Amino acid sequence: MEITLEKFEGPLALLLKLIEADELDITTVSLAKTADQFVTYIKENKDIDPEEIADFLVVAAKLLLIKSRALLPFLYPAEDVEADDFEKQIKMYKEFLEAAKVVDKLAAGNRKMFGREFTKASWLQREAGFFPPPNASASTLAMIFEDVLARLKPAEKLGQSTIEDHINIDDKISHARQLLAGKVNFFFSDFIKHAKSKTEVIVGFLAILELMRQREVIIEQLSLFGEMEVKQFPIIN
Amino acid sequence: MDLKHKLEALLFVSAKPMAVKQLAEFTEAAEEEVREACHELTVDYKDSGRGMTLIENGGKFQMVTAPEAADTVAKMVKVETSGELSRPSLEALTIIAYRGPISKTDLDRIRGVNCSLIIRNLLLRGLIEAKEGSEDDGTHYNVSFDFLKFLGLGSVEDLPDFARLHMDTTVDEALADEEPLENPVI
Amino acid sequence: MDLKHKLEALLFVSAKPMAVKQLAEFTEAAEEEVREACHELTVDYKDSGRGMTLIENGGKFQMVTAPEAADTVAKMVKVETSGELSRPSLEALTIIAYRGPISKTDLDRIRGVNCSLIIRNLLLRGLIEAKEGSEDDGTHYNVSFDFLKFLGLGSVEDLPDFARLHMDTTVDEALADEEPLENPVI
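Chains as they are written, first to last, in the working numbering: chain E, 1 to 237; chain S, 1 to 186; chain F, 1 to 186.
Zero decoy hints are in this set.
Here are the simulated DSSO-like cross-link-like pairs (lysine-lysine), alpha carbons at most 27 Å apart as the crow flies:
| # | chain 1 | residue 1 | chain 2 | residue 2 |
| --- | --- | --- | --- | --- |
| 1 | S | K131 | S | K16 |
| 2 | F | K104 | E | K153 |
| 3 | F | K16 | S | K16 |
| 4 | F | K16 | S | K46 |
| 5 | S | K21 | S | K4 |
| 6 | S | K78 | S | K16 |
| 7 | F | K4 | S | K75 |
| 8 | F | K75 | S | K4 |
| 9 | S | K104 | S | K131 |
| 10 | F | K46 | F | K16 |
| 11 | E | K17 | E | K46 |
| 12 | F | K78 | S | K16 |
| 13 | F | K16 | F | K75 |
| 14 | S | K131 | F | K104 |
| 15 | S | K78 | S | K46 |
| 16 | S | K4 | E | K120 |
| 17 | S | K104 | E | K196 |
Quick list of the computed label-pair ranges, beta carbon to beta carbon:
| # | chain 1 | residue 1 | chain 2 | residue 2 | range |
| --- | --- | --- | --- | --- | --- |
| 18 | E | Q125 | S | A19 | 21 to 27 Å |
| 19 | E | D84 | F | E28 | 56 to 62 Å |
| 20 | S | D47 | F | H39 | 18 to 24 Å |
| 21 | S | F162 | F | P101 | 42 to 48 Å |
Simulated from the structure, these hints should not be mistaken for laboratory data.
Quantities reported herein were computed from a predicted structural model and do not represent experimental measurements.
Each residue gets a CB set at the ideal place from its N, CA and C atoms; glycine is no exception.
Just chain E, same shape as in the assembly (with noise of 0.2 Å):
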């Protein structure tokens, strides 16, 4: 199946056309459904704007967790609110890409309105008025046009180093392969004791979740919200 992202489009643009692809509604049963794609689709599109991947790991990670519960319902008893209210917020974005097509639509039909046109004439009856504000001097002046040259400055460099943190799930898959090397298990919160962020939390637990679905591992919780022990998978002969 092809699908493709313009810049900017987001991860709920992708979400609502991997759904409209397979033609579902949108429910939780489809977003469960779609929860695979969506990471096989950030993983082959390495073109993906840097600045965007983590805005696409969060709503994996949305994805994924909808899925675990659809799949294991009886570890989560409680009520699926969080699921629910994503698919609100789904459905939502829907209906303003709808508005969108809509708007699109208006702005081909041809009504421009046109604004006057402005001339000194038309405001003035000589043109050669002169009315100087009371509130400008030479170094008024100054200290403006240095300040704009402070907010000029700074704002490039920070993104950049944030993007370079940030977090790629093939290197948190081979630090969980890594910890297994060695011994047969180890606990989540020893994975993620060093993330620095949330996003690198969630990305840690989408490794982990990939490393489940490779077979790779199991994961143990003995009481809700208990502490996580990923074991490499048994191996059966």
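Add chains S and F to chain E, keeping to what the hints say.
Only chains S and F this time, still in chain E's reference frame:
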């Protein structure tokens, strides 16, 4: 000269959006009277199929050419070739039109993706305007008069289905329930 | 839309007197019809006491405010051309002073918002001047000689710290750094 036609003269000369408050000051009338007279004028224009009309946005009015005159006027006015809107920009613009004033955080949440660059471009293009809020309220965005002129709308309320999408409770619920995004990147 | 109201739209938009010949061209009508419709429009305006009127001079028509609205309009002109400048206006004026001659596009990008209305106001007050460039160069803006004199300066180079601030590379970097906007300008 009656209020309505004084306002007509002011809106004609100003050649830009004028705040009701200022119009009231210049005509020495109450703001409510001004608003009413502007609405009457709009209806007059429409009823007699005139070449102009008034559009309204955020407590301001502007006199512009009627949408039906678009083809004729376009022959005279150099239409700025600013290029098409990309799909993501159109989407963001639509959300701002229906839900404005809206904060960047809420826009990001509805679209599920960081909209910084899109907002920047829409601001540069003059299709949206930023309004600085109080400290904890932050900047909010609204569509501009240029947006209305671009589509040929009298106000955002003339957008199809405006009432429902503007008020849509699912939006508010979804936004209220959502944990604050920790602004992942940028 | 009928001819009369097409003409109304054209005359509204144009800030200059329009030749019957041009009007005929844009409306695809005969010159005689155009002249007749303009006369009708003039009578309409007078009969209903409108805020505008048409004047005819040397085969050209122009829409202007009705003489009865003169006082009201004068009040607006006075308020709009006096008083302090807002912070955004001061900022635009400053950038034009230190970086002029500068194009509107560059000014917009430095300020991060569309500056059309600010530029108009600065032009109206005689604080800046427009210099038409070549086709692809576009209009550039400079501060006016009157404004420099008002500041007590002989030229922009007398502005405080001019050499350093004018040469500061931050602005050039910001303008060059700019990510290419999607689809020319979104």
